[in-house]
Amino acid sequence: MKIILCGIGAKFLHTTLSVHVLQQYAAKQYGICSEIAEFTINQHEDFILSELYRLSPELLGFSCYIWNYGMVCRLIPSLKKILPGVKIFVGGPEVSYQPEDALHETGADFVLSGEGEEPFSQLCLALLNQSGLKTVPSLCRIENGILVRNPAAAPLDLAKLPFAYQDLSKFENRILYYEAQRGCPFGCRYCLSSIDRGVRFQPLDKVKTELQHFLDAKVSQVKFVDRTFNTNVSFSMEIWRYLAEHDNGITNFHFELEAELLTEEQLVFLAKMRPGLFQFEIGVQSANPDTLQAVNRKTDLSRLAEIVKRLRQPRNIHLHLDLIAGLPLENYESFGRSFDTVYRMEPDQLQLGFLKLLKGSGLRQDAGLYGIHYRNEPPYEVLCTDVLPFSDLLRLKDVEEQLERYGNSGRFSASVAYLVGLSDRPFTFYEKFSAWYRAEGLHLTPHTKLDQYEILYRYGCTLPGCEPKILGFKMRYDLFSHENCKNLPNWLPALDAPANRDLRRRFFSNPEYIARYLPEYIGLDPKLIEKTAHLDFFPFHPLNGGQPCACLFNYRRRNPLGFASVQFLNLFERNLTVDATDSASSDTICTDW
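If you count the sequence shown from 1, position 516 lands on 515 in numbering that gives the first Met the number 0, and the numbers rise without skipping.
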């Protein structure tokens, strides 16, 4: 019997972990052979249909999530017509909690609810041996118009969980997902993890061995899918310690955390990590205590803020904090206050998400209590609540768009920090900026990267207290932090007097300076170095407003997000003056070289 497991990801970059685990579990435990077919939702359905047809499966399974469920529902009826003998099953969170609906919506023969490793294997054995389906755990099907549900499978012993990446060459240039534990101890009512409150762990020795595969292969990023990685202090600490001791200088590990569970020992330890080794995602969701209580989430905001501050201080861990708009009892004004609370914690990214009423979640069951209306189709996103009308939700959508473009991209850090400082609060800046952006009709056409800088500059110049040249130099710093741009817009200020240009040439021609500041460029022709690195001059420190300085941008040394390494060089040579027509002042620019 030819068995195909189909994963349809949101992007090519993403790996469908589930299908690889199912395949290897069945092979290792029962000797069952199956193949994997991976696609993305960005590919044409006709292409996916034709590829699956050419594979000619006798048993075909789809891993279903909110991002691919609509496509699966459209593919299966066509597959049934062109492959009349195929048996099709669906599994995953999108079909596990309302299996009867899933059978009707997809046209599949079977639903495998919950954990799929053992149910998938037993389904294969039942079909191979023609032994009937009654013993297949977690199997749901329609018989004579009636839903038949077999007893659920026992929770999997995670010691038997296979490592999905035996051959890492198959996953080149993709994000790799890893699971060290299953379950969550918390009962947040918007989350499916609250249904299974127990937490199970893989054996630590097994986890370390598997993580070493990633380290040896020097993969770029591994994302732990564990819902609350640090729920067990000793388990999380042991893994972090192992990764720190075996750090290869390249691989980044992403974890979802409950910040308030971090201990003093862990905070001290984490402060010593290599920059870029770890990346943390922390769900705050709301700063409204009534909202947090309504969704059964206990948060000590003052302790959370202190923990985030401690994590931020060494500047070695990328911090990603989450908010959810549309939660119960939170109106537009309240969400703005939540936004300000989290923004002032200064995360590297503030993700503004919108409530999704997931199948099986407690909040979906209680939607009527809070007047929550949501889309009928995946991802079941909120349309309005009894305190947040659709008009206010649209305003938040506009705020989210500008936050993603100008706040979370990291490409405008110095500029946005300056402009937010001119506003009475962070939310006001994004609120008014997004309203201006729409009023100018800028939402109607696409914009280049340079266009985006000019748009922000135009808006910033409308703000009371904004000094255009200060904003311009901050934008200049932001621009060169991201890329060595050669064709600069004419509105961007510069300190580019002949003496400055001569200083730049002398710097790149001096082997001592190259060895000290740019060791990656040793031995290269100075003209080539000047083309691939950049030295720029500022009448003030572009981040803190201090004394004039030079900024050396090294594009061969970038952080995990792709931004150039920047060195700020003290200036104290006596004979170099700034051309006042090019700068914000006529201060003397001096240098230590």
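These are calculated hints, taken from the structure and not from any lab test. A quick note: this is a predicted structure, and the numbers were derived from the prediction, not measured. You may find that some hints are simply not true.
[Claimed, not checked] Think about it this way: if two alpha-carbon atoms lie no more than 30 Å apart in a straight line, the pair counts; the simulated DSSO-like pairs of lysine-lysine are:
#: 1; residue 1: 485; residue 2: 468
#: 2; residue 1: 10; residue 2: 217
#: 3; residue 1: 205; residue 2: 169
#: 4; residue 1: 308; residue 2: 10
#: 5; residue 1: 169; residue 2: 308
#: 6; residue 1: 526; residue 2: 79
#: 7; residue 1: 431; residue 2: 448
#: 8; residue 1: 271; residue 2: 207
#: 9; residue 1: 431; residue 2: 468
#: 10; residue 1: 530; residue 2: 468
#: 11; residue 1: 308; residue 2: 27
#: 12; residue 1: 448; residue 2: 358
#: 13; residue 1: 133; residue 2: 169
#: 14; residue 1: 358; residue 2: 222
#: 15; residue 1: 10; residue 2: 86
#: 16; residue 1: 358; residue 2: 308
#: 17; residue 1: 80; residue 2: 27
#: 18; residue 1: 448; residue 2: 530
#: 19; residue 1: 27; residue 2: 159
#: 20; residue 1: 358; residue 2: 133
#: 21; residue 1: 217; residue 2: 1
#: 22; residue 1: 526; residue 2: 485
#: 23; residue 1: 133; residue 2: 205
#: 24; residue 1: 468; residue 2: 358
#: 25; residue 1: 10; residue 2: 207
#: 26; residue 1: 79; residue 2: 159
#: 27; residue 1: 485; residue 2: 448
#: 28; residue 1: 159; residue 2: 133
#: 29; residue 1: 207; residue 2: 217
#: 30; residue 1: 80; residue 2: 207
[Stated by the list, open to error] Restraint-style ranges between C-beta atoms, simulated for each label pair:
#: 31; residue 1: 158; residue 2: 378; range: 47 to 55 Å
#: 32; residue 1: 530; residue 2: 332; range: 48 to 56 Å
#: 33; residue 1: 330; residue 2: 527; range: 23 to 31 Å
#: 34; residue 1: 46; residue 2: 158; range: 37 to 45 Å
#: 35; residue 1: 400; residue 2: 81; range: 34 to 42 Å
#: 36; residue 1: 208; residue 2: 390; range: 49 to 57 Å
#: 37; residue 1: 526; residue 2: 437; range: 55 to 63 Å
#: 38; residue 1: 367; residue 2: 332; range: 22 to 30 Å
All residues carry an ideal CB built from backbone N, CA and C; glycine is no exception.
Results for each hint:
Only pairs whose Cα atoms come within 30 Å are accepted, and residue 485 paired with residue 468 is accepted, the gap being roughly 20 Å. For the suggested pair residue 10 and residue 217, the alpha carbons sit about 22 Å apart, so the restraint of at most 30 Å is met. In summary, the hint linking residue 205 to residue 169 is supported, as the alpha carbons are separated by about 22 Å, within the 30 Å threshold. Among the hinted pairs, residue 308 with residue 10 is inconsistent with the structure: their alpha-carbon atoms are about 33 Å apart, more than 30 Å.
Proximity of residue 169 to residue 308 is assessed by CA-CA distance (about 39 Å); at most 30 Å being required, the pair is judged violated. As the CA atoms of residue 526 and residue 79 are separated by approximately 63 Å, the hinted pair breaks the 30 Å bound. About 21 Å separates the Cα atoms of residue 431 and residue 448, which keeps this hinted pair within 30 Å; it holds. About 20 Å separates the Cα atoms of residue 271 and residue 207, which keeps this hinted pair within 30 Å; it holds.
Under the criterion of a C-alpha separation no larger than 30 Å, the hint pairing residue 431 with residue 468 is consistent with the structure, at around 22 Å. Between residue 530 and residue 468 the CA atoms are separated by roughly 26 Å; this keeps the pair inside 30 Å, and the hint holds. Proximity of residue 308 to residue 27 is assessed by CA-CA distance (about 46 Å); at most 30 Å being required, the pair is judged violated. The hinted pair formed by residue 448 and residue 358 fails the criterion: a straight-line CA distance of about 39 Å is larger than 30 Å.
Our distance criterion of 30 Å between C-alpha atoms is broken by residue 133 and residue 169, whose separation comes to about 37 Å. Only pairs whose Cα atoms come within 30 Å are accepted, and residue 358 paired with residue 222 is accepted, the gap being roughly 24 Å. For the suggested pair residue 10 and residue 86, the alpha carbons sit about 27 Å apart, so the restraint of at most 30 Å is met. Note on residue 358 and residue 308: the hinted pairing is violated, with a Cα-Cα distance of about 36 Å set against a maximum of 30 Å.
Proximity of residue 80 to residue 27 is assessed by CA-CA distance (about 33 Å); at most 30 Å being required, the pair is judged violated. Distance check on the hinted pair: residue 448 and residue 530 sit about 20 Å apart at the alpha-carbon level, within 30 Å; holds. The suggested pairing of residue 27 with residue 159 holds, with an alpha-carbon distance near 9 Å, which does not exceed 30 Å. Distance check on the hinted pair: residue 358 and residue 133 sit about 26 Å apart at the alpha-carbon level, within 30 Å; holds.
A hinted pair counts as satisfied when its Cα atoms are at most 30 Å apart, and residue 217 with residue 1 does not qualify at roughly 34 Å. As the CA atoms of residue 526 and residue 485 are separated by approximately 14 Å, the hinted pair is consistent with the 30 Å bound. Straight-line distance between C-alpha atoms of residue 133 and residue 205 comes to about 34 Å, which puts the hinted pair past the 30 Å bound. Proximity of residue 468 to residue 358 is assessed by CA-CA distance (about 52 Å); at most 30 Å being required, the pair is judged violated.
The suggested pairing of residue 10 with residue 207 holds, with an alpha-carbon distance near 28 Å, which does not exceed 30 Å. Note on residue 79 and residue 159: the hinted pairing is violated, with a Cα-Cα distance of about 34 Å set against a maximum of 30 Å. Annotation: proposed proximity of residue 485 to residue 448 holds, straight-line Cα distance about 13 Å (limit 30 Å). A threshold of 30 Å between alpha carbons decides the hint, and for residue 159 with residue 133 the separation of about 24 Å falls inside it, so the pair holds.
Between residue 207 and residue 217 the CA atoms are separated by roughly 15 Å; this keeps the pair inside 30 Å, and the hint holds. Between residue 80 and residue 207, the direct Cα distance comes to roughly 47 Å. Violation of the 30 Å bound is thereby established for this hinted pair. Roughly 34 Å separates the CB atoms of residue 158 and residue 378, a value that falls outside the hinted 47 to 55 Å. In this structure the hint that residue 530 and residue 332 lie 48 to 56 Å apart at CB holds, the actual value being about 51 Å.
In this structure, residue 330 and residue 527 break the distance hint of 23 to 31 Å, their C-beta atoms being roughly 58 Å apart. A C-beta distance of roughly 39 Å is found between residue 46 and residue 158, which places it inside the suggested range of 37 to 45 Å. Between residue 400 and residue 81 the CB atoms are about 41 Å apart, so this pair conforms to the stated range of 34 to 42 Å. Judged by the Cβ atoms, the range 49 to 57 Å given for residue 208 and residue 390 holds: they are separated by roughly 54 Å.
Between residue 526 and residue 437, the C-beta spacing of about 46 Å breaks the proposed range 55 to 63 Å. Separation of residue 367 from residue 332 is about 24 Å and conforms to the stated range, judged on CB atoms against 22 to 30 Å.
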